[in-house]
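4 protein chains.
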Amino acid sequence: MIIVLKPHTTDKQINHIIEKVKKLGLKPMVSKGIERTIIGVIGEEDILRVQPLEVFPGVEKVMPVLAPYKLVSREFKQENTIVDVSGIKIGAKNIIVMAGPCSIENHTMLLKIAKQVKKAGATILRGGAFKPRTSPYAFQGLGEKGLKILHDVSKEAGIPTVTELMDIRDIDLVERYSDMIQIGARNMQNFNLLKEVGLSKKPVMLKRGMMSTIEEWLMSAEYILASGNFNVVLCERGIRTFEKATRFTLDISAVPVVKKLSHLPIIVDPSHAVGKWGLVAPVSSASIASGADGLIVEVHTDPEEALSDGAQSLLPANFKILMTEVGKIAKAMGRSV
Amino acid sequence: MIIVLKPHTTDKQINHIIEKVKKLGLKPMVSKGIERTIIGVIGEEDILRVQPLEVFPGVEKVMPVLAPYKLVSREFKQENTIVDVSGIKIGAKNIIVMAGPCSIENHTMLLKIAKQVKKAGATILRGGAFKPRTSPYAFQGLGEKGLKILHDVSKEAGIPTVTELMDIRDIDLVERYSDMIQIGARNMQNFNLLKEVGLSKKPVMLKRGMMSTIEEWLMSAEYILASGNFNVVLCERGIRTFEKATRFTLDISAVPVVKKLSHLPIIVDPSHAVGKWGLVAPVSSASIASGADGLIVEVHTDPEEALSDGAQSLLPANFKILMTEVGKIAKAMGRSV
Amino acid sequence: MIIVLKPHTTDKQINHIIEKVKKLGLKPMVSKGIERTIIGVIGEEDILRVQPLEVFPGVEKVMPVLAPYKLVSREFKQENTIVDVSGIKIGAKNIIVMAGPCSIENHTMLLKIAKQVKKAGATILRGGAFKPRTSPYAFQGLGEKGLKILHDVSKEAGIPTVTELMDIRDIDLVERYSDMIQIGARNMQNFNLLKEVGLSKKPVMLKRGMMSTIEEWLMSAEYILASGNFNVVLCERGIRTFEKATRFTLDISAVPVVKKLSHLPIIVDPSHAVGKWGLVAPVSSASIASGADGLIVEVHTDPEEALSDGAQSLLPANFKILMTEVGKIAKAMGRSV
Amino acid sequence: MIIVLKPHTTDKQINHIIEKVKKLGLKPMVSKGIERTIIGVIGEEDILRVQPLEVFPGVEKVMPVLAPYKLVSREFKQENTIVDVSGIKIGAKNIIVMAGPCSIENHTMLLKIAKQVKKAGATILRGGAFKPRTSPYAFQGLGEKGLKILHDVSKEAGIPTVTELMDIRDIDLVERYSDMIQIGARNMQNFNLLKEVGLSKKPVMLKRGMMSTIEEWLMSAEYILASGNFNVVLCERGIRTFEKATRFTLDISAVPVVKKLSHLPIIVDPSHAVGKWGLVAPVSSASIASGADGLIVEVHTDPEEALSDGAQSLLPANFKILMTEVGKIAKAMGRSV
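Chains as they are written, first to last, in the numbering used here: chain A, 13 to 349; chain B, 13 to 349; chain C, 13 to 349; chain D, 13 to 349.
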């Protein structure tokens, strides 16, 4: 932690800060420059992080030196984490593609989609039973009924599943019926929910909030790891910017940034990022080329009748083309799908 | 709803869309322009809103004509809503100032602050027992113990209270111990939590998400009203932008925009918006001048020792100055504090 | 300047950096912490600012301690600068309101508007002869002809003027025909243009770029001061964010932030910020309450026929109401209009 | 153009608008819905675009139906434009890589870099003689002297060049000494400069403004085409967002969006987008995978001594690795480098 003082700070003010730092068991190092005096603090930076040093008289600003996360960092664990979802390894050499409809609508439809995406190369089935909808009047998902359909289809089609958990009270249901728990973008900072899934034995996919920095995202993952669950996969899904040609702006650089800062696997959700099916394929290829460990893609056999997010859903035929293109990119990078 | 078609759309495609619209019980009106054919749809726009019309062959884009909210709109209710918090009226002629520490730390401190802010003119005491913290290692609030302190201090000092609810499981506690339920920015789209407070008898203060449009914010309020609770106060607290001189960017225009679109009262949280105590007073004056019905301000008797957000807390002496300045602005506008 | 090193940096790498710092005539101070080694650099920070220290082996990040601007800073000059525009003082006790049409359209119209805004209390007439338009097909302004009209109207109505300069080649014209040179948001980082107006004797109004940080804005002002022209007025006009209810998001906190960092006067352009005339008045009041030294407002006698930006122009009658409201706020703050 | 009226609009107001529309030679089509009356306008939308219809009594909002650009659109020209830069074809099957230092510093250095990047596969040499710098105190480029060096090195190394034009007065120089004119992000809406390069015979690379929407960017290109120069290459270089892990946020989706909307070639500048050399390679691969026609990459033989932007410059050895990786991706897509 570096404490930058205002010009003309008095010795009394400086001593007041130094005493505070010492009282916390840390070691202050004062450096008087021409225009500013600076105090470097040696010791556990976390102790200082929660102290409002900015309010001390004479302090201009406080600059942290270290990242605020520990368990998710590359410094804590150098080798890549590989997350196992009922036998499917995320973060290893293989690119993992999760695919399926936005919402689970009925057994027949889900089974049809499950078979087609599996045939095209997807290894995890996605589908929502609890849907976070901006409008209280929009379809909110089938709830437990949807989870049962997901579970049955998973067995019939032989493909593990991922589904979103929105409400702490539903965690037992989601754990029982699916193989991986998804935390959506709107719940990335629902800290109580994070603590709960941190106590779960199931792997967790943590989507980035649409207005969250990479640092905040890693801090949210830290909540899960700190509660004991190290099986976390990060998912970049676009951030909110001024650009309106796409629903969100996919932050492609987040992939190599996260790879550098953390040992956790990272996948990309191109469907929600762009919001238009015609853009999903090129953005999927780009994601794999940037180093992502996988994708989660919306596929629907009849987007015209989809109960949610039809506009960004691919038809199975287009998904098949996407898988071929992504496969070529993966191969060019020495990976496989 | 306006459906804009691509150039060179075939009659077959146009008929396919027209049939779909009719099947939904709506009336399509086709208008063939020089460069584009457009289909206007007459009837309940909400029916179409959940249909993925963008995926129909030939459709270029779909433009909604109406706002997606109903109960919160000025069209639904023309006169201003006045929310009663244990006798304090929000949205009436009087400017309401809520003040207090970020976190409840102990009885002595809270009582001291409560007396001072009340003396300076604040009429509602704020203080958090459950704190949404970016870091799992930061102080998370005193929980139920804090709520009890809040309740006791409220009685002793004779001032009603507002406190944040983060977890559905804590709603009974918060209802029992405080006069108003706060939904924080990070939970603005925690839709299950919104539904629960919609069932509560207590008034609700709904903060705007740092990444949420005004329309999404009003939709979240709609969730609460649609569940039966019309006592909702909106709170603008800054949005996330590229500017880093302040913690967030206070969207001052949101005040007159909300006043125009909705009948609900709106207050401003200058402390979280700017993140630096030295900027709180001018931004408070600006908020009242823009037409806000009140403020929620962080005040701490000893910011140097505050367990959270000390950097943006005002000392009681500075809060008193702020109240004088705000009072002058309110008076100039024909209101009072 | 603080240089933070990566963990496990070798002594050789540290020495390499130390030598570089010394070679530049600066004094390095090494501080070895538990997790990181840090090098504080004492001396002229500007020397280091242009050095790409991040590329040195072992460097994790470089953190500047000082602001990069000098002449515009409060540290350089403590008392407020007052800019004189042909007798009108900006930055003094009086609130200055500039008003007029977006574009100069013809003599009759401009004279009519000039008289009305002057009567309502405006003391500077605005009007564009050169218009930066997103579309090459939109009205681009009357050019020199417009400037002559502006000049004639200024004499007839007895009110000084401000007008935008877009092209270095037009500087003589703008200097000859108007009292103040406006640099628009899109040219805030047109550095050659800034240098030229820095050589001018006329006062300059520098609008903030719609995506520029306050620091970059002050750096652009620094260009003008560094070329010799200290008569600079800053103008906040809204920044670009994800919110679409207004054309831009007025950054109201920028007013007190700039007041703290710089001695230059600051005014606000509410018309371009919100883009809708119905929101101009409340946002104008808020701007004055936040501490702004003035406003620049679009007024048109016939917005329905305006050749540009009619949607955000006030009718003279509404402008009069705005002036009354703003006057009350100014008075409450001990200022006057 | 669709004009949406407020509820309770009077017939008089509706007739007033209808008359205005007819007076402009357009055909209004009124459609009375349950909650709103809507007026569709048939005819040249551009005529209405410059009319401030929002100010007409009774109008709630005006929604354009068509894109505002013509010449740059796919509708105007269906096949891809291929831009020829002294024999190098941009927009064809081959991926084009432009590489070189940020600033031209001296002949020896530039020649050395030119030879190395050419050997690694780059086909155009980049290098700035005029540098737009945030600070007036930073190195501003060598000016004409730099251009001469660029020209000489181009001949010696046998590689065409691209360099930035900042000031209209320098256009003759830039045309004389280089093969392609670069318009930088900060000048994307310097409309007078755009008109001038529109009159030039040289191909133009138009960078996207860091704050500009794709639509505005295409409108700026429209300025150049409308002035007669169709040889325009677009360059995505990152937009400004709240994320601070990278210098800007590369908008990867802009590549397929532009490909859909326009016939112009598009390349990506990964160096300025991310601002850190370690992230340049993965983001370059992603750009090609998204469908970009090329890259412009900063390379410096001695980044530690670079006079500008050293932190984002690649060493020739790393550039060579990047070219290999990019080559694999290009090949996987059926293209070549």
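Treat each hint with caution, since some may be false.
One copy or any two copies: either way a pair holds, since identical chains are not told apart in the list.
Quick list of in silico lysine to aspartate or glutamate cross-link-like pairs, EDC-like style, CA-CA up to 16 Å [what the hints assert, rightly or not]:
1) Lys160 to Asp96
2) Lys207 to Asp179
3) Lys35 to Asp23
4) Lys214 to Asp182
5) Lys271 to Glu227
No wet-lab data here; the hints were simulated from the structure.
Each hint tested on the structure:
1. In this assembly of identical chains, Lys160 and Asp96 lie within 16 Å of each other by CA distance neither inside one copy nor across copies; the values are 22 Å within and 44 Å between.
2. Taking identical chains as interchangeable, the C-alpha atoms of Lys207 and Asp179 lie at most 16 Å apart whether they share a chain (12 Å) or sit on different chains (12 Å).
3. For a Cα distance limit of 16 Å, the shortest separation of Lys35 from Asp23 qualifies neither inside one copy, at 18 Å, nor across copies, at 32 Å.
4. In this homomeric assembly, Lys214 and Asp182 come within 16 Å of each other (Cα to Cα) only inside a single copy, at 14 Å, whereas the closest approach across copies is 25 Å.
5. Taking the shortest Cα distances, Lys271 and Glu227 sit within 16 Å of each other inside one copy (13 Å), while across copies they are farther apart (31 Å).
Hints 1 and 3 from the list above are not met by this structure, while the remaining hints are.
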